[in-house]
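Using mature numbering (1 follows the signal peptide of the UniProt record, and there is no 0), the letters of the sequence shown correspond one by one to residues -37 to -1, 1 to 485.
There may be inaccurate statements among the hints.
[Said to hold, decoys possible] List of simulated lysine to aspartate or glutamate pairs, DMTMM-like, C-alpha gap at most 25 Å:
hint	residue 1	residue 2
1	K350	D306
2	K350	E324
3	K131	E147
4	K200	D233
Note that these hints are calculated values from the structure, not bench results.
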Amino acid sequence: IPELPWQTSDIASGMLRPQRLLLVVSACCLSSAGVQAADGFQRYGDGECISPGLLQVRGKTRRDVSHGECRAVCDNDECIGYTYSPCERICLIHGDPNRLPEMPEPDRWAISNGGGVIDHSSGRCGSACFVRMSPCPAGQIESNGARIPYPGMKFSTSRNETCPFPYKGSLHLQCGLSGVEVSEGDRCLRPCVRGNFSNGQFEVQYEPAFHGEESVGWCPKGTLGNMTVVCIDGQVKYVRGVCGSNCAAGSLQSGSTAVHYSGMVHEAVDVLPCPSGYVGQVKIGCLNAIVMPLSGECRQTCARGTIDTMASGLGGPKVAGIATHISMTHLSGRLAVCSSPDDMLIGSIAVFCVDGTVTPEYSQGYCKRHCPAGQMETGAKAVSYGKMPHGGNITLMCNNGFTGMMKVTCSDGAVSVVEGSCRETCLAGTITSNGVTISHPALSESQNLTLQCPLATHTGTLLAVCDDGLVKNEGGFCGKNCSGGVQESNGAFLEYSGLQHGSIRNFSCPYPYGSYLTIRCY
């Protein structure tokens, strides 16, 4: 194999002599994993150098080149790396073919199209991808409209650069395979220039602001307030505040009345007392020429007056009347005094005031009625009485021909007997028992008398008792006596005499019979 200049340098740097190179290449045909990168290069992986578009990286290729020769050709600022296949001895120099320097024996190199950046390797056996660890020269990089200068950097080193005024933030720069790169997510943050912001109703002009800072925009003439915006990377966003017009004097409805207010400035708050005859207060607020209630309400008081009432039930007559109450505030209650034109009502009822309306609450009590004149009992027993006050008691004496008295009471229009009664006396008359009528004299109430049954025909007594004009037999019986007769016994005929009811007597048997018979009258 003829000697080449870079082979001589390889030998000087410790590489194997050409005649032994075939042994090394033969070993590499088994795997490219053992191929190591020299100083200034970094082994990227097995297989060809691949771009982000999954294309082989563009450059110039040549066959029958040693690894040292391939690396030596890539040792310049325009070469970004190379792919070397030790078995086929193919060298692919990656970079812009138009900018790569003069190649040794240029007619033996062919242009290879593909991607322009080394992103990864194909991972295939038989070749290896190497990248040149070139330093990054000084320059500047653009970020969000800002241009940031940086000094020269060694390969794989990094540094932070502050974004220029009026931008904010910093960039983390790193010298890598593709030159100086910005860490993902880093960005110079733009300021916000003077401008206008609208909330859909009002437009305000705000002053310039740096990223992250707030700017206040005053509301236009004729309105009050301001709106605050914050600058976020060149764009403003609403933070707080509103614009609004003042409110003219006027009135608004609260409950069952109207409250009047004076002129108010935008966003002002006021507390208004309710007008005379009402209780409470109303909190109002002005927002952009509109007055609205915030809390509170006016409720009407109840003036002194009367309400109609009707007492009924419990057996007494219905009585229409009124209940007189004093003035009351909203949601308060009082006792209203009952009365009627005929002076038949007494007592009081509970009434409550709800926003000017008085309503009775009968669960707390009701008007009571006096009792009009009337009578107790009916017919001959009827006893008259005059008007009685509710809760009053009187004693009524019974009429002639009756005994006793009645104590009566009046309760809510109804008269009832507390104790006693009128009982009628009994006139002379007769009482009957077992078909026998017996005369009795006049008897007073509850008086009793024993009456003898007629001895000729009956035996016994009766207990006659006078019960409210009626004589009743409360005990005894008139038993009928038995007449004499003949009783047959064992062929003998015994004659016996008459017997009184309930008596027993022994009669001797006629001759020639012996013994006796017992005869009972019942």
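Verification of the supplied hints:
1. A C-alpha spacing of about 11 Å is found between K350 and D306, which places the hinted pair at or below 25 Å, so the restraint holds.
2. Of the supplied pair hints, the one linking K350 and E324 is violated, its CA atoms being roughly 29 Å apart against a limit of 25 Å.
3. Between K131 and E147 the CA atoms are separated by roughly 17 Å; this keeps the pair inside 25 Å, and the hint holds.
4. Among the hinted pairs, K200 with D233 is inconsistent with the structure: their alpha-carbon atoms are about 32 Å apart, more than 25 Å.
Going down the numbered hints, you'll see the structure goes against 2 and 4, while the others check out.
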